[in-house]
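Novice: Quick mapping for you: the protein sequence lines, in order, are chains A and B.
The first sequence begins at 14 in this note's numbering and counts up by one.
The second sequence begins at 896 in this note's numbering and counts up by one.
If you're looking for bench data, these hints aren't it; they were derived computationally from the structure.
Just so you know, these numbers come straight off a predicted model, no measurement behind them.
Beta carbons are placed, not taken as given, at the ideal position from N, Cα and C, and that holds for glycine.
Just so you know, not all the hints are guaranteed correct.
Said to hold, decoys possible - Stretch by stretch, here's where chain B covers chain A in the computed footprint (C-beta under 8 angstroms, at least three residues):
{"no.": "1", "segment": "26 to 36"}
{"no.": "2", "segment": "58 to 64"}
{"no.": "3", "segment": "71 to 82"}
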Amino acid sequence: MNFEFTEEQKMIQQAAKDFAERELLHDVIERDEKSEFPTNGMKKLCELGFLGMMADPKYGGGGMDTISYVLAMEEISKIDSSCAVVMSVCNSLVNWGIEEYGTEEQKQKWLVPLAKSEKIGAFLLSEPEAGSDATSQRTTAEDKGDHYLVNGTKNWITNANSASTYIVIAQTHPDKKHKGINALIVDKNTPGITLGPHENKMGMRSSDTHSVMFNDVKVPKENRIGDDGFGFSFAMKTLDGGRIGIASQALGIASGAFERALKYSKERKAFGTEIFNHQAVAFKLADMAVKIENARNLCLKSAWLKDQHQPYGIMSAMAKQYAADIAMEVTTEAVQIHGGYGYVKEYHVERLMREAKLTQIYEGTSEVQKIVISRSLLK
Amino acid sequence: MKILVCISHVPDTTTKIKFVNNNTSFDTTGVQWIINPWDELALTRALDIKDAQAGVIEEIVVINVGLIDSEPTIRKALAIGADRAIRINADPKDAFLVATELAEVIKKENFEIILCGIESCDFNGSTVGGMLSELLDMPSVSAVSSLEIDGGQVKLKREIDGGQEGVHTQTPFIGIVQKGICKEPRIPSMRGIMTARTKPLQVVEPIAAEPLIEFVNYEFPKPKAACRKVDPENVKELVTLLHEEAKVI
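Bound-form chain B, shown alone (with noise of 0.2 angstroms):
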């Protein structure tokens, strides 16, 4: 069995977020670069199968959309344990195009399972997961916080309001995941590290694909108002201020 986790390079959650160019791109200047963390958790439930289950896994791929500036990041998903990687040369302008490059180059191989995090912390979109599933005509199941091999049945539990659902499927599928997949990510380990560059990481040419989105400018949130404390027995206040001020009712 080949268990494919696609990986995105993002910047460092705690990164400052500035823009360039009107507010028409994202400032990269001294940004730290990081494997996506839903990825990450997607890649460390991926090996704790490969390792619980000696001889099952045959091999775990890492695949990426992206430019060479984010080959350090795709090391690091080889240094933590996956065997071998993928970068598909194009810039990742949106999410259907990501899918559709994903998907070219994934029909080339069979892989039984596909895993990918639910969103990606830069953009937040949680969309190629889905469209990576129309594109391969390839079931998927969202929201996995569990997943199990047994047999050769894949058991799966997603989150939904109010609790757990538990679903089983047949390979080949793509298991969108989120938080519970795993306790926490691997750290790569001194060996791992010391080896990444010794595992393939092999470039493939996109083919011609157009983003369906383009992004027009960028701004930030207005900053929060500070908040007005209104005494509870002066009701009077409160609806004046909710009707002439945040005009609400």
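So here's chain A without its partners, still in its complex pose (with noise of 0.2 angstroms):
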């Protein structure tokens, strides 16, 4: 078993730190403070190519296996999750569900800019009243033979404002419940569409996220992607790779945060020595930092799976499961070893922590993984 990276790995890895410390690091908590987006740091990174670095060379992507994409991941969440979810929404649910489930003519015409990182995607699943239950979806595709007219709310959307392309996914046979679902390709321009106001969150607060209405918004039937009723199943399989993104990102958190902790630990004395030498602080450290060996290698293990064309749904769900709660444990330990320093902007891990919160609940929250995992020991 080779746990070692490749070169092209390595040299990923690096671009995506060498990027996060450079463009992102230096406004990150005044972009927090103001629920900015990051639009001089997105040029950058659509100009480097991280926005499809997965999608086939063929429409313009990088090409990339998914092991390089949980690398660049973890780098750009140490800094700015914010970022970093852009790039998850982009790379594992839009350009993936486009490439993997299109026709030529949809991966023409929506994936190549997409890959090229030329524009921006977004994926709309979530609902008022459909979160974790996806079955339920109220957001109506009504099939007018040439066209389907969607009406309905989506919430949560991350990058709402942002992308130009979004895939929604909306029922159109509701006597069929979810084989009744379609997931429809819709350029946010279409007459129609309107965004509620930027949401106030804990965390993650440069990311752009908005409520969504669909008002009578008229979308062309070879926008749909897959045969009728497969949007339910589409977003479910899209999903599955979209764990190993919010995974990579929460272990960036972790990741993140434990380097602060650790160097601080070091520099911080109290009581004579520097307080990595108190056994208190050094077996905290020593336990965040397996919590995120662990995280990592079920991140990378998904990751390898995908790229094996093996299963690797069970595996993304405990990978996002688990690190998503260790982010969690790691970066309120992280506040717990600055001390009063931790509870003041300036030192970034009170914004990793409340920035880890939200890895635990979208994109499935770890007791949906919990689902996924103990229903798959059943079999």
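Combine both chains into one complex, guided by the hints.
Specialist: Structural data, given as structure tokens:
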């Protein structure tokens, strides 16, 4: 078993690290306070090709493997997980979904600008009455012959404002329940689409999150992904891969907090020595290190399975659940190690702790992941 | 116009330095290797010029004197944007050997501009650029912090005591560059990284050449002593310490 990364994977990891330190670190606290989208950082992220890193080069993507993606997501999330979530939605949900299940015409029209990082995508599944229970879609896509007429509201949509391409999950045949749901590619500028105000969130405040309202929005029939009624299945398969992105994000939040806590512990003195030399602190750091290593191994194994075209849904659920839960634990301890300084914004760890919480909730709560994992044990 | 950038394969600047074999050689265990930072700035400037003046710069080539373990570093230069690379298959034992090997290969092609960093972050010798200039009988300008190409003329600025000096020169020439030559080194794009292996990396066997320097042993600088503070009113104590302990007066 070879645990070494390839030369290309190491280069990608370093590029992501350099990008995050150079382009995101300097104003991440300010943007978090003001809830400002990282416009300049995103521009550079797009120039470097991070938003389409796994898409096939024939569509303008980087053609990289999922392991490279995990490495890049971790490095960027250490510093700015708001930026990382844009990467995750684009790479894992939107680009992968269209490339895996779209027609060639859909790929040429929609995937190419996304893969080239010229456009940003968004994935619209959650609704006010349907979060974990994605089968209860209230947004409708009525079949009108040559088009679908979409009505309804989607909630908590990442990239809602910055994206130009939406994938919208909506109910076409209510009598068929989840087998009557479709996935539609929608141009954000289609008449009838309006956005709610930017959500004032606990964490990942730089990430642009809005409700999206659809009022008689006409979507051409050819924008449907897959067969009629494939939408729920499409969403579930896509979210399997999305979990790898969010797991990597949680891993980055945890490892970023750990690195800061470790550095602080070697500098801060109490009772005549650096606090690292006090066992209470050293043992906390040891526990944090083990949890991060485990989370990283789960992320990398999920990525490896996906790259080998082997089933990865269960492993990615394990990675997402574990990484998110330890991110919460590790960031809490990181604040604790920093003491009073951990409670102020300047030291970053309080922001990382607020960011960790969302990883336990979105793209499938930790509880939903446990449903997925436990059901797999029954088989 | 072709630009050649000389690059060195050096330990990352955060490496904890250790020596082995009775302090006669550098311990490379676990060391992360990078492009010498000054060479990376030179490469970035070359790429900026190529991007800004489409059609003027035909290609950017990187060259390295090193063994096979330097190839990942060379490929990073290709990922950043160099068009092709040359590795002279020799152990870079000292600056003279490096300059000799470089000169032998460089004179077989026509490069209008040759760039190298002012020093490498491992040995900090600051000599390869000057030696190369002599061996190639080519003008060189050192401490270059700005490089522009205007028509056929090259306009440089170099750092001198108290300010900057403007220099105009013709090609071919060697620019020995330092910080200021560009804002910061380029980050390789995802496409750049994935296509680096498709770009030519030519390996050339060295000519027979001997280093002029023999490294006898390495030692660490003495640790700095703790700072002694003397009350500003107590001049007598200060004089005594300077005379008897520091022995400087």
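Novice: Against the structure shown, which of the earlier numbered hints fail to hold, in ascending order?
Specialist: Those not satisfied: there are none.
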